[in-house]
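Chains as they are written, first to last, in my numbering: chain S, 4 to 361; chain F, 4 to 361.
A couple of the hints might just be wrong.
Unchecked claim - Short, incomplete list of chain F residues facing chain S, as computed with Cβ under 8 Å: (1) G101; (2) L196; (3) S324.
Don't read these hints as lab results, they were simulated from the structure.
Just so it is clear, the structure is predicted and the values come from calculations on it, not from any experiment.
Even for Gly, the Cβ is constructed at its ideal location relative to N, Cα and C.
Protein chains: 2
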Amino acid sequence: MNLEEQLLTHLRQIVPVNEALAYKARIREDALAKPRGALGRLEDCAVRLSAIQNRLKPGHENRLIVVCAADHGVVAEGVSPYPKDVTRQQIANFAEGGGTITVLGRHAGAKVILADVGVNYDFPPHPAILDLKIAHGTRNMAQGPAMTREEAVRSVLAGLEIVLQEPRVDLVAAGEMGIGNTTPSSAICSLFLGLPPLEATGVGSGLAPEKVAHKAAVVQRALEINRPDVNDPLDVLAKIGGLEIGAMAGVFLGGALRRAGVIIDGFIAGAAALLAEKMAPAVREYLFAGHCSKEKAHRAVLSHLGLAPLLDLEMWLGEGSGAAAAMYILECAAAHFNEMRTLEEAMVNDTLDRTADK
Amino acid sequence: MNLEEQLLTHLRQIVPVNEALAYKARIREDALAKPRGALGRLEDCAVRLSAIQNRLKPGHENRLIVVCAADHGVVAEGVSPYPKDVTRQQIANFAEGGGTITVLGRHAGAKVILADVGVNYDFPPHPAILDLKIAHGTRNMAQGPAMTREEAVRSVLAGLEIVLQEPRVDLVAAGEMGIGNTTPSSAICSLFLGLPPLEATGVGSGLAPEKVAHKAAVVQRALEINRPDVNDPLDVLAKIGGLEIGAMAGVFLGGALRRAGVIIDGFIAGAAALLAEKMAPAVREYLFAGHCSKEKAHRAVLSHLGLAPLLDLEMWLGEGSGAAAAMYILECAAAHFNEMRTLEEAMVNDTLDRTADK
């Protein structure tokens with residue numbers, strides 16, 4: 004079996020969430036000792052988690068954040084304010100525990116895995132860095148395909164297999180580090196959402212606003228030169244994607260395979276979610292939008308996926324930071340659902356009531 | 004010294020937050036190993052917490068939620084879908100650990116104190132219920148003052164002293180349980196915000212929409228009969244308030260006295276915050292809006308206080324549930340600020356870099 008067949012075999016095993024169980028979960032939710040609907044979206048999340056995990060007591064304790072790292076040839080076009088080398092520096096910083104995602108991941112109670120799928124640097128062996136390097140970064144998509152189809156498949160499988168190897172997963176998120184990676188993300192969004200490149204292109208990690216038109220022109224050139232097939236997500240990933248974007252899509256697919264709640268982070272994760280959903284449409288029902296990033300087209304991506312963000316805190320860092328922060332919201336959802344008494348239980352157990360009115 | 008003088012003595016000790024420290028905190032925030040501003044409102048919260056707590060390493064570990072409970076004479080006017088007795092039942096349920104706020108408070112890592120300041124029922128002694136009862140509920144504010152000025156003062160002192168007695172407080176929130184308490188809250192908001200009663204009155208815990216006009220008419224009658232003095236918050240509290248609303252205002256004042264971050268929950272907490280801010284305007288700088296409730300006038304209250312909500316999840320339960328959920332957002336704020344490396348530290352400690360480019 005070649006690699007692509009291996010991936011397709013995985014994809015065929017992704018099942019729809021259990022809508023019959025969602026119905027039962029809603030009955031329990033409505034019976035809890037509070038006015039119906041009073042916990043708003045926490046209630047909907049609890050019901051959804053039940054359907055995803057296929058159990059009436061959804062778990063939230065086993066949390067995984069996979070930070071996928073890779074470099075991008077398109078940085079040569081001047082689309083980022085940072086040099087490529089910052090990818091390597093930040094992964095080293097994360098590995099030593101000083102980065103945003105390592106701090107927020109720790110506070111989210113999540114296991115954080117740093118996966119190097121394509122950084123343009125050979126790290127010395129380090130216990131915190133998982134070496135799954137497929138290439139030393141992509142090629143410049145403004146001049147030709149970012150990678151081969153086989154590399155694209157391998158990137159997706161890399162992310163997917165990380166999730167499959169975890170003993171337990173209730174909630175999973177993907178983060179990223181890859182200087183230049185909003186540019187392929189904009190190309191993917193432009194293609195899948197049918198947006199003109201300028202509407203799909205933002206400032207990323209802090210590009211000067213006057214350079215956004217240039218960045219959008221690079222996106223447009225990548226689309227024109229490569230002509231990716233919108234109905235073939237692996238063709239899209241190979242021609243205008245990134246190695247860490249493929250790996251993130253794989254993490255999302257792996258989350259659905261494991262029947263875990265899947266939390267999208269920001270814009271780049273959104274592009275990866277679009278790819279994952281094209282590969283296996285049932286994935287959509289496993290997705291939660293951790294937050295709404297300030298990056299220009301992120302809200303359009305969420306709207307396309309039918310998702311409302313759990314948090315809206317004007318964050319635009321990436322790395323998985325918004326998804327990490329949102330894990331606690333899903334904890335609130337699962338916890339109230341699992342641990343609250345129903346109204347009936349509360350009445351029966353009203354031991355403090357010494358009156359005779361029962 | 005009489006009770007009101009005692010309260011005024013406390014109020015005079017509330018100091019403005021340390022804006023000079025906020026300036027220093029912003030410098031540290033901007034030096035962290037991420038693009039400036041990329042963590043959005045988490046960054047602003049970290050800077051604000053530093054100024055509030057008067058230290059460059061703001062704490063978030065010591066968390067207190069005070070759930071204040073009391074009954075309301077105005078329930079006789081048919082303003083709530085629930086009978087008064089539910090206040091007692093729910094406090095008993097909270098005490099046994101089965102209520103929303105007990106579950107979410109536990110998951111927020113907070114100490115939850117249930118304070119009975121005016122429930123119309125004498126609970127048998129219970130380790131989880133703090134007996135600070137001032138009266139067996141308020142009188143019907145649609146027929147005259149809800150309470151005496153002395154009762155109002157005592158309710159504020161009750162909340163304030165709970166916070167003063169805690170050994171350590173970094174973050175504090177107030178929750179409530181009191182059937183009928185959105186009606187006095189609407190009266191308070193109508194008065195302080197200059198809103199017509201109908202614009203300040205919503206469905207509370209689930210009043211049939213066609214009964215909201217009646218509820219607003221009750222609010223209007225309470226305002227007309229009592230003519231509370233908008234410049235005298237204790238007069239407002241006594242005439243159109245509630246015992247738990249006074250206690251919540253006291254919790255907020257106590258939080259400011261202890262230099263803790265103060266988290267407002269929903270609409271009733273918002274009304275209490277308006278009272279606290281009238282008593283001591285410096286309190287405003289200590290406030291965070293935990294979330295935006297679906298209750299009609301809550302957004303107007305937050306806007307009046309100059310606050311943007313941390314969460315917006317369509318919750319409207321009260322009890323402190325939204326504030327409990329928001330405590331984790333402030334944890335993310337303080338944690339990234341305290342534990343991330345600066346860019347300089349990240350470069351110096353880049354032990355994974357074997358190249359000679361430093």
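With 8 Å as the cut and Cβ atoms as the points, is S324(F) at the interface with chain S? Holds: closest Cβ of chain S sits about 7 Å from S324(F), inside 8 Å.
Less than 8 Å between beta-carbons is the criterion; does L196(F) satisfy it with respect to chain S? Because about 24 Å separates L196(F) from the closest Cβ in chain S, which is outside the 8 Å limit, the hint is violated.
Minimum Cβ distance from G101(F) to chain S below 8 Å? For G101(F), the interface hint holds, since the closest Cβ of chain S sits about 3 Å away, which is under 8 Å.
In this structure, only the earlier hint numbered 2 is contradicted, and the remaining ones agree with it.
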